[in-house]
Amino acid sequence: EAGVAQSPRYKIIEKRQSVAFWCNPISGHATLYWYQQILGQGPKLLIQFQNNGVVDDSQLPKDRFSAERLKGVDSTLKIQPAKLEDSAVYLCASSLGSPATNEKLFFGSGTQLSVL
Amino acid sequence: GNSVTQMEGPVTLSEEAFLTINCTYTATGYPSLFWYVQYPGEGLQLLLKATKADDKGSNKGFEATYRKETTSFHLEKGSVQVSDSAVYFCALNPRAQKLVFGQGTRLTINP
Chain A
1 EAGVAQSPRY
11 KIIEKRQSVA
21 FWCNPISGHA
31 TLYWYQQILG
41 QGPKLLIQFQ
51 NNGVVDDSQL
61 PKDRFSAERL
71 KGVDSTLKIQ
81 PAKLEDSAVY
91 LCASSLGSPA
101 TNEKLFFGSG
111 TQLSVL
Chain B
1001 GNSVTQMEGP
1011 VTLSEEAFLT
1021 INCTYTATGY
1031 PSLFWYVQYP
1041 GEGLQLLLKA
1051 TKADDKGSNK
1061 GFEATYRKET
1071 TSFHLEKGSV
1081 QVSDSAVYFC
1091 ALNPRAQKLV
1101 FGQGTRLTIN
1111 P
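First to last, the protein sequences are chains A and B.
Under our numbering, residues 1 to 116 are what the first sequence spells out, in order.
Under our numbering, residues 1001 to 1111 are what the second sequence spells out, in order.
FYI, nobody ran anything at the bench for these hints, they're computed from the structure.
Backbone N, C-alpha and C fix where the C-beta goes; we use that ideal spot for every residue, glycine too.
Warning: the hint list may mix true and false statements.
Simulated pairs of lysine-lysine, DSS-like, Cα-Cα distance not exceeding 30 Å [said to hold, decoys possible]:
| id | chain 1 | residue 1 | chain 2 | residue 2 |
| --- | --- | --- | --- | --- |
| 1 | B | K1068 | A | K44 |
| 2 | A | K15 | B | K1049 |
| 3 | B | K1098 | A | K78 |
If you anchor each label on the Cβ, the simulated ranges turn out as follows [as the list claims (entries may be wrong)]:
| id | chain 1 | residue 1 | chain 2 | residue 2 | range |
| --- | --- | --- | --- | --- | --- |
| 4 | B | T1028 | A | L116 | 37 to 47 Å |
| 5 | B | A1053 | A | I12 | 28 to 38 Å |
| 6 | B | E1016 | A | D63 | 14 to 24 Å |
| 7 | A | S18 | B | S1058 | 39 to 49 Å |
For the chain A half of the interface with chain B, some residues (derived, Cβ under 8 Å), not all of them [as the list claims (entries may be wrong)]:
| id | residue |
| --- | --- |
| 8 | A5 |
| 9 | S7 |
| 10 | Y10 |
| 11 | R16 |
| 12 | V19 |
| 13 | G40 |
| 14 | G42 |
| 15 | P43 |
| 16 | L45 |
| 17 | V54 |
| 18 | D56 |
Whole structure, please, built from the sequences with the hints as guidance.
The following block contains the structure:
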């Protein structure tokens, strides 16, 4: 079974530039998550989709971050403009159901972003 | 609010040593509790979970017991191997809400 695919694996940009990350979840998984993992910290949820609808984006900095999952399958997370403090690993995860059913999350390998 | 506190790392042990990684939590209601592991160069993967008080989750020789009275979910393994070297994350899932992770504990096992 193919896992959660993310690209690119690494990205280096200068502050004020824009960047986009892509995620393709496991086939058939309804729920997709984007997490931000800053060095030395645990992952923090940025946004959660159920099919193509947003379930939780309470911790997404909406002035600079955006995400979409137009067809309920793959997803794109964008940062525009980037700040130094956005340097982190961006993790995508998917699950068959929702957190309410304690579904196991499957994580991709992440995109490591460095903002200079 | 909901939060998870893990013991500070890094933790370095010799092969075949006994492992404990402490995890305590604060939550409203009765959350489910998880341990996720991240091996070098890989994504996080679920190691074990417990969904109610006194439940014991176990996998690959690791165990953790959901202790409601001490709000803890400590991870243990009787005899660690070099291949157990990874970062371990404790997490909780309050009912119908998002997964909340601890800061992670880096474990290194020396041969």
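Structure-based check of all given hints:
Between K1068/B and K44/A the CA atoms are separated by roughly 24 Å; this keeps the pair inside 30 Å, and the hint holds. Taken as a hint, the K15/A and K1049/B pair is broken in the structure, with Cα atoms around 40 Å apart against an allowance of 30 Å. With a C-alpha separation of about 21 Å, the suggested pair K1098/B and K78/A falls inside the 30 Å cut-off, and the hint holds. Range check, T1028/B to L116/A: Cβ separation about 41 Å, and the 37 to 47 Å hint holds.
At roughly 47 Å, the beta-carbon separation of A1053/B and I12/A lies outside the given 28 to 38 Å, and the hint is violated. Evaluation of the 14 to 24 Å hint for E1016/B and D63/A yields a failure: the beta carbon distance comes to about 52 Å. As the Cβ distance of S18/A to S1058/B is approximately 45 Å, the hint placing it in 39 to 49 Å holds. Of the supplied interface hints, the one on A5/A is violated, with its beta-carbon coming no nearer than about 10 Å to a beta-carbon of chain B, more than 8 Å.
Against a cut-off of 8 Å between C-beta atoms, the interface hint on S7/A is violated, since the closest Cβ of chain B lies about 13 Å away. This hint is violated: Y10/A has a C-beta 12 Å from the nearest C-beta of chain B, more than the 8 Å allowed. About 29 Å separates the beta-carbon of R16/A from the nearest beta-carbon of chain B, more than 8 Å, and the hint is not met. Using the Cβ-Cβ criterion of 8 Å, the hint placing V19/A at the interface with chain B is not satisfied: the shortest such distance is roughly 20 Å.
For G40/A, the interface hint holds, the least distance from its beta-carbon to any beta-carbon of chain B being 7 Å, beneath 8 Å. The interface hint given for G42/A is met, as the beta carbon of that residue sits about 3 Å from the closest beta carbon of chain B, less than 8 Å. A distance limit of 8 Å between C-beta atoms decides the matter here; for P43/A the minimum to chain B is near 5 Å, and the interface restraint holds. About 5 Å separates the beta-carbon of L45/A from the nearest beta-carbon of chain B, less than 8 Å, and the hint is met.
Given hint, V54/A at the interface with chain B, is violated; its Cβ is 13 Å from that chain's nearest Cβ, farther than 8 Å. Contact between D56/A and chain B, as hinted, is supported at the beta carbon level, the nearest pair being about 6 Å apart and thus within 8 Å.
Checked against the numbered hints above, the structure violates hints 2, 5, 6, 8, 9, 10, 11, 12, 17; every other hint is satisfied.
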